[in-house]
Each structure stands twice: as C-alpha cells, then as structure tokens.
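Visitor: The lines below spell out each chain.
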Amino acid sequence: MSVPHAALALHGVTKEHPGSPPVVALRSVSLRIGDGEFVAIVGPSGSGKSTLLAIAGTLERPTVGSVHVAGTSTERLSDRALSGIRGSSIGFVFQQFFLLPTLTAAENVACGLLYRGLPPQARRRRAGEALDRVGLADRKTHRPGQLSGGECQRVAIARALVGDPAIILADEPTGSLDTGTGDDILALLAGLNAAGATIVVVTHNMDIAAAAKRTITLRDGKIISDSEART
Amino acid sequence: MKHERVIPSPGGRLPGSTLRGVSGGRPPGSTLRVADIVPLAALGVLSRPARAILSASGIALGIATMVCVLGISSSSRAQLIAQIDSLGTNLLTVTPGQSLTGVNLSLPRTAPAMVRRIGPVLAASAIGDVDASVYRNDRIPVANTDAITVYWADTSLMRTLQGHVAMGRFLTAATSRFPAVVLGADAASALGIDRADGTIQLWLGNHWFSVVGILDRLPLAPELDRTALIGPTVARHLLHAGGSPVQIYVRTNPAAIAAVQAVIPATADPAAPQDVSVADPADALIARADASAAFQGLFLGLGAVALLVGGIGIANVMVIAVLERRGEIGLRRALGASRQHIGLQFVAEAALLATSGGAGGAVIGGFATTVYAAQRHWSATVPVLVLLGAVGIALVVGVTAGLYPALRAARLAPAEALRII
Numbered sequence: 001m002s003v004p005h006a007a008l009a010l011h012g013v014t015k016e017h018p019g020s021p022p023v024v025a026l027r028s029v030s031l032r033i034g035d036g037e038f039v040a041i042v043g044p045s046g047s048g049k050s051t052l053l054a055i056a057g058t059l060e061r062p063t064v065g066s067v068h069v070a071g072t073s074t075e076r077l078s079d080r081a082l083s084g085i086r087g088s089s090i091g092f093v094f095q096q097f098f099l100l101p102t103l104t105a106a107e108n109v110a111c112g113l114l115y116r117g118l119p120p121q122a123r124r125r126r127a128g129e130a131l132d133r134v135g136l137a138d139r140k141t142h143r144p145g146q147l148s149g150g151e152c153q154r155v156a157i158a159r160a161l162v163g164d165p166a167i168i169l170a171d172e173p174t175g176s177l178d179t180g181t182g183d184d185i186l187a188l189l190a191g192l193n194a195a196g197a198t199i200v201v202v203t204h205n206m207d208i209a210a211a212a213k214r215t216i217t218l219r220d221g222k223i224i225s226d227s228e229a230r231t
Numbered sequence: 001m002k003h004e005r006v007i008p009s010p011g012g013r014l015p016g017s018t019l020r021g022v023s024g025g026r027p028p029g030s031t032l033r034v035a036d037i038v039p040l041a042a043l044g045v046l047s048r049p050a051r052a053i054l055s056a057s058g059i060a061l062g063i064a065t066m067v068c069v070l071g072i073s074s075s076s077r078a079q080l081i082a083q084i085d086s087l088g089t090n091l092l093t094v095t096p097g098q099s100l101t102g103v104n105l106s107l108p109r110t111a112p113a114m115v116r117r118i119g120p121v122l123a124a125s126a127i128g129d130v131d132a133s134v135y136r137n138d139r140i141p142v143a144n145t146d147a148i149t150v151y152w153a154d155t156s157l158m159r160t161l162q163g164h165v166a167m168g169r170f171l172t173a174a175t176s177r178f179p180a181v182v183l184g185a186d187a188a189s190a191l192g193i194d195r196a197d198g199t200i201q202l203w204l205g206n207h208w209f210s211v212v213g214i215l216d217r218l219p220l221a222p223e224l225d226r227t228a229l230i231g232p233t234v235a236r237h238l239l240h241a242g243g244s245p246v247q248i249y250v251r252t253n254p255a256a257i258a259a260v261q262a263v264i265p266a267t268a269d270p271a272a273p274q275d276v277s278v279a280d281p282a283d284a285l286i287a288r289a290d291a292s293a294a295f296q297g298l299f300l301g302l303g304a305v306a307l308l309v310g311g312i313g314i315a316n317v318m319v320i321a322v323l324e325r326r327g328e329i330g331l332r333r334a335l336g337a338s339r340q341h342i343g344l345q346f347v348a349e350a351a352l353l354a355t356s357g358g359a360g361g362a363v364i365g366g367f368a369t370t371v372y373a374a375q376r377h378w379s380a381t382v383p384v385l386v387l388l389g390a391v392g393i394a395l396v397v398g399v400t401a402g403l404y405p406a407l408r409a410a411r412l413a414p415a416e417a418l419r420i421i
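The listed protein sequences derive, respectively, from chains A and B. Residue numbering for the first sequence follows our numbering, starting at 1 and increasing by one per position. Residue numbering for the second sequence follows our numbering, starting at 1 and increasing by one per position.
No lab work stands behind these hints: they were computed from the structure. Do not rely on the hints blindly, as some may be mistaken.
[To be verified] To give an idea of the interface, some chain A residues facing chain B are shown, with a C-beta separation under 8 Å as derived from the structure:
no., residue
1, Arg86
2, Cys111
3, Leu114
4, Gly117
Glycine residues also receive a C-beta, built at the ideal position from the N, C-alpha and C atoms.
Construct the entire structure; sequences and hints are all you get.
Guide: Here you go:
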C-alpha cells in the first residue's frame, strides 16, 4: 500500500529474534513520520528503540508488518533494491561515527554517494557542499584523527545528508560526546530540520527529546506514548 | 533551544533521489561504478600497508621463482638457438642404420656423390672408419687410446660444417695423400698437442703422421671434437681403410631442408633406403638442452607451492580483515552497498594484493634472470607471455583466495555488523 507524503511509515511491525524462547523486540508497532518532522524515539534500554531504527532503516526486515520509505513499500524487495533505497532515501548517523580513518573528511562524506553510480567529480562537489552545510568548510582535507569528536560527528552527519535522503536516522548521535559538543550537534540537527530535513533520533538524551517536535516513547517493544500533536 | 543556522540543501536531484518523502516510485537498485572498484580495493589494501606487503610477499616469492626458472631456461635456449643460427640450421647428417643383429651398416661409396646431385644440396662431405688408433708416440701402450677415434675425412668437410681451424690448416688435396693428421679440439688437448706446424708427429696405425691442423670445437658436430682426421687416400693406401662413409654431412638450401631430408635415403642408398637415417643436428642439440632443463619442473613446482602458500596467506589475512572491519561493512551496507558490492570489494582487495605481489615477483624474477644471464654473457630472454602469465596466475590465486572471505563479508547482516541491535 502506498502512503503519500510520508517519509517513513511502519504498519503492524513485529520483530522476533529467534532463540529459545524467542525474543520479541517489537510488538505490532505502527507509526507514520511525515516530511520535515523532527522525531525523538525514547525509552529504557531493551525497549526496542534500536531495533525500530534498524527496521525503519531497512537494515533488518520485520518478522511481521510492512515498512514504507518515501512512499515505497520495502516488502519483497531484493537485497540490491533495498540497498538502493538505503543509498538514495535514508541517511544514517551512528554513535560511533564510523568514519574511515585513512580518508579525509570530504572523502568520507563522498563515500555516502559511492553506491549511487555518480562519477567522482560529482561526489566530491556534493561532499564539499554537505561539509559547508554542517559548518566544516575549513576541515575538508582533515582526516578523522585530526578532528575533534564533535567535528567527526558533523562529518558523519554530512555523509548522511550528502545524498539528499528522504529521512535521516540517528542512533544516539550525542552518545559519544561531552555535553557541550552534544548540544552543538543537537543544534545542528535542529538547524537541518529547520532547513527542511526529516530527522528521527533514537536517544536516551532528554535534551534531544525535548528539542524534537515529536517524541515517541517505547517500552517492551510497544509505543506507549506519541506526542504527535506537539509542534 | 538554539538552532544552528544551516545552509539549505543546494538542491538538484541525484540519481534515485526521492526528495524528502515525496513518493517517487521504486528507486533504482544500488549501483557501484566499475571504475570505482579498483580505488575501493586499493583503499582497503593501503589502509594496512605493512600487512599488505607481508601477505603479498608470498605470492611475489612464488612468481619470482617461476619467472626466474622459465626466464633462465628460455635465455639458455635462446643462446643455443642463436649459436646454432650463426652456424646455419641447414645442416643434415646422414648415417647408416644398424642391421637387425645390431651390426653397424655402412653407406655405399657412391653416396656422397649421389647426395651432391640433389638440386638444393650446397655441399656434402663424408667421413669413414679407419681401423687404427692414435698415440702421442710409439712408446705408449696400445690400450691407451685416449678414446680418440680415427676417421678419414673429405677435404671439403670444414666448408660443409662451416667449422674453423684453430691452428694450422685442414686437409687439402695435397696433404690428404700423405701421412698428415688434423686433430679435433678435445683430441689435441688429450694428446697434449698445442702446435700444428707439421713438426709434431703422432703414432697412428703404426705409422708416423704429422699434425698439420687443430680444429676449433664444432658445435654442430661435437662427435668430431675427439677425433683424428686423415685424408681418404692415405687411409686407403697406408691403413687399408674401406671407402664406405659412416657419416655424410650435408649442407642444403635452407628453404628445402625438409624436401632434401625426404629424398636423401633413396639417393644415398637406392638399394636399401630404409637403412639410411637423416638427422638435423640442430634439433638434437636443442632437444638435449631441453632435456637438461628438465629439472626446471622441480623448481616450477616449488614456485607453485610458494604461490599456494601465498594464496592461503592472503585468504587468512582477508578473513581477519572481515572480522576487523565489521563496522565498515555495516556502514557500507547502510550507505547503500548491496551484498554483491561488499563481496566484490573483498575479492577485489584479495586480487589486488595478489596481483601486486605477482607484478613485484615478475619484476624480481626478470631482474634475477638478467643478472644470471649477464654473468654467463647471455642475452637475457624473459618471454612477455611468461610475465603476463605470471601476473594472470597471481590474479587467479588472489580471486580464489578472496572468495571465502568475500562470502563471509557479504553474508554479514548489516544491523549485526553495526551492532545497533
């Protein structure tokens, strides 16, 4: 089923990890995230936040239920097509940054376009623009080892942005940073959202939750509250 | 809550872009440009240079061994062929066969003259048995023959063989009628003769013969190096030798070697052509050189073992790399890499490692061959096919070694690789 004007939509998503007994990480979760929203997903450890992010990001398939990214159903898609959706419609930001240490900031960002079939010049130009957007115009030729933690996370955010995705999924983006730097990253995410980006953040950080326009709270794999109305 | 001022997206759709949630149908599948595969593999290999050098060195060792073995044997063969070419490859030898009881037959006396009548034959010279031995003087015990054979020889023999006389002269129409002897290079050295001015005499068949010439070595007729050659006339009159040739050397027009070879038996001995054998001594020499190079199979085998060990080393390093780089694999999957792209990256890395090792080994092997050949005053010959083949073999080894690690990398679930669950 096509869901118009939703960056992300989950319908009745259940995720069961095999084992004895099987672990149910998500129980019949449905949610719809519209274009331009800034959503925080919060909840205690083991509540299913990260599983929700992995399924929303098509890194995992749900046991039951369907996921639509930018209006496209991801059910029955081949690995290549699903990878194509990740490459074109989803930007990921991780707590550990996952920058390649031998590459410069610009080259790391350009990696975000490697699987889009773009020629190297176009990737470099886009990477430069994305680094400008996150305020790292003067750090393009620096390697991760020469950057601070906050700058590394900005590079990672630029990499998530560079493909102009429908949605940015961030997993504890401030988890490895001190409070001040974490606030800067939060301000950057808020600024990007104000400029039109759709952002979903999984976090324990209540400041992020407070800054988000919408907060979804999970517990035991279920959504127990959703402040959809708040703006 | 502060908002950082952010420059809005510069816009412009990318291939497959579904801008901010607008339903745009099914996006195209993940795509990796062919031109990006080698830089991607190089990135992985160069991120750990010491490990790359160590793991490629096994392949380099194997390839260097193989190139060296093939290069040295090919240089040696090329040297021999060049030598034979300079002597002329248009020489044939005609010999009588053996009877069923193993007795050496002889050619008819008329055979040399008959062979000379074949159109493309430029020259033909015969040698024949003389039942005599040669000694330094008449005091030497009869048994001490020094394994020197005495033959009578046509005066045209040196012209036919394109051989050279080291000292003195070869037999002439005049000297072949008198007790004069020409010694092969080894025969002269065995007898301790180093002058050929006619003042030294040898005890040959109970007669004194003057040494009038000493030959250089004859690469196309090495059997003559340990002989004493006398004229046919003196052999017949003084030593009662028969006139039947035991061998005829035939120099032909190079374009008609095969044709001449085919007609010689019937021409030389029309009564029993089946008893005449015709050989190309150049072929025999090359075959002998090839046979002496048979040991190269052993060294090639050693090279192959080194290559196998090198391949296993690369597979091992790649398996470790997959474990170490789970995060990178997960990240690439998150950035849009398909399973095939991840697998391809690891196969390409293994192939690049092995091919670099192979190319390095080919250079080392080529260099070692050049040094070895230079020491022996040969011109080094390393066939381009050997070099290309070496790199090709390294590539195959690399791809094979990379298959299993690549499969493991491709099978890694992205969420598990990122450890975000």
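Visitor: Could you run down the list of hints and mark each one as holding or not?
Guide: Each hint tested on the structure:
1. Arg86: holds, 5 Å
2. Cys111: Nearest chain B Cβ about 6 Å off; hint holds.
3. Leu114: holds, 6 Å
4. Gly117: Nearest chain B Cβ about 3 Å off; hint holds.
Of the numbered hints stated above, none is contradicted by the structure.
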